[in-house]
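Take the sequences, apply the hints, and build the full model.
Residue numbers (this note's numbering), protein chains in the order written: chain A, 179 to 286; chain B, 5 to 121.
With a cut-off of at most 27 Å between alpha-carbon atoms, the simulated BS3-like pairs for lysine-lysine come out as follows:
{"hint": "1", "chain 1": "B", "residue 1": "LYS45", "chain 2": "B", "residue 2": "LYS68"}
{"hint": "2", "chain 1": "B", "residue 1": "LYS59", "chain 2": "B", "residue 2": "LYS70"}
{"hint": "3", "chain 1": "B", "residue 1": "LYS59", "chain 2": "A", "residue 2": "LYS273"}
{"hint": "4", "chain 1": "A", "residue 1": "LYS273", "chain 2": "B", "residue 2": "LYS24"}
{"hint": "5", "chain 1": "A", "residue 1": "LYS273", "chain 2": "B", "residue 2": "LYS68"}
{"hint": "6", "chain 1": "B", "residue 1": "LYS70", "chain 2": "A", "residue 2": "LYS273"}
{"hint": "7", "chain 1": "A", "residue 1": "LYS273", "chain 2": "B", "residue 2": "LYS45"}
{"hint": "8", "chain 1": "B", "residue 1": "LYS70", "chain 2": "B", "residue 2": "LYS18"}
{"hint": "9", "chain 1": "B", "residue 1": "LYS24", "chain 2": "B", "residue 2": "LYS59"}
{"hint": "10", "chain 1": "B", "residue 1": "LYS45", "chain 2": "A", "residue 2": "LYS259"}
{"hint": "11", "chain 1": "B", "residue 1": "LYS68", "chain 2": "B", "residue 2": "LYS18"}
{"hint": "12", "chain 1": "B", "residue 1": "LYS24", "chain 2": "B", "residue 2": "LYS45"}
{"hint": "13", "chain 1": "B", "residue 1": "LYS24", "chain 2": "B", "residue 2": "LYS68"}
{"hint": "14", "chain 1": "B", "residue 1": "LYS70", "chain 2": "B", "residue 2": "LYS24"}
{"hint": "15", "chain 1": "B", "residue 1": "LYS45", "chain 2": "B", "residue 2": "LYS18"}
{"hint": "16", "chain 1": "B", "residue 1": "LYS45", "chain 2": "B", "residue 2": "LYS70"}
Simulated DEER-style distance windows between Cβ atoms:
{"hint": "17", "chain 1": "A", "residue 1": "TYR208", "chain 2": "B", "residue 2": "THR84", "range": "29 to 35 Å"}
{"hint": "18", "chain 1": "A", "residue 1": "GLN197", "chain 2": "B", "residue 2": "ALA6", "range": "25 to 31 Å"}
{"hint": "19", "chain 1": "A", "residue 1": "ARG244", "chain 2": "B", "residue 2": "ASN55", "range": "25 to 31 Å"}
{"hint": "20", "chain 1": "A", "residue 1": "GLY206", "chain 2": "B", "residue 2": "LYS68", "range": "22 to 28 Å"}
{"hint": "21", "chain 1": "B", "residue 1": "THR84", "chain 2": "A", "residue 2": "SER245", "range": "42 to 48 Å"}
Bear in mind the hints are in silico, worked out from the structure with no lab data behind them.
C-beta atoms are modelled at their ideal positions from N, C-alpha and C, and glycine is treated no differently.
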Amino acid sequence: GQSLEQPSEVTAVEGAIVQINCTYQTSGFYGLSWYQQHDGGAPTFLSYNGLDGLEETGRFSSFLSRSDSYGYLLLQELQMKDSASYFCALLWASKIIFGSGTRLSIRP
Amino acid sequence: GAVVSQHPSRVICKSGTSVKIECRSLDFQATTMFWYRQFPKQSLMLMATSNEGSKATYEQGVEKDKFLINHASLTLSTLTVTSAHPEDSSFYICSATQTGGSNQPQHFGDGTRLSIL
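What follows is the structure, encoded as C-alpha cells:
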C-alpha cells in the first residue's frame, strides 16, 4: 500500500529544535513534501525533496533517503506559532498521498 | 501567485440536501484538481482527481454517484455532495496543480466545512 507513518504527537520547547519523522513503504514516487496545517485551516506547503538529501528553507529543513524509505522535517528556533499539525506527503504522477500527521505542541 | 479559491467556506444544511462546492484557480491554469476530505484530528484523504474535460478519477471506496465532480474549465472544478447525510459532515479541501508537469507543488484552497443536521 501507499502508507506513510508519522508520530502522532510531538512536544517541544520554544527556541528548541524538533525533528518530525516520516517512514513509508512504497516506491516509484516523484518526491516527498511537507505541509503545515493550523486548526481549522488548509494545508500550506513547506518543503519538497525530489532528490535524496537535505533541503533548507529558512528555519525549516527537510530530508529524504529513498534507500531507507525515510524522511524528516526539521524545525529550528521554534516559535509558538509553529504549533500545528505537520503532514508528510508522497507525490505521484497524478496525486499526493498524505501521511497520518504529527501534532506539534510548543510550550514556553 | 498560485492562489486557489474555494467557496463556500462553511455550509450548514439539512439532511437530504445536495451541496455544491467550487474550487477555482485564480491566477493559473489547472489541468488537474484534487478533492480531499478530512475528519477531525485525521489526515487528508484523497477522494478524487478532477481532470479538465474528462471524467474524474475516484479513489477506492468513494462513491461516484454520491460525490459528483465536474471540471468544465481550466480554472474551475466543482464537487457536489448529493443527498447529504450527517456522516458526510467533514472538512472538504481542494487543491490544484499548475499545468506543466506532475512535479509541480499543489496549492490548496481554504477548505469548506460541511455540517449536515
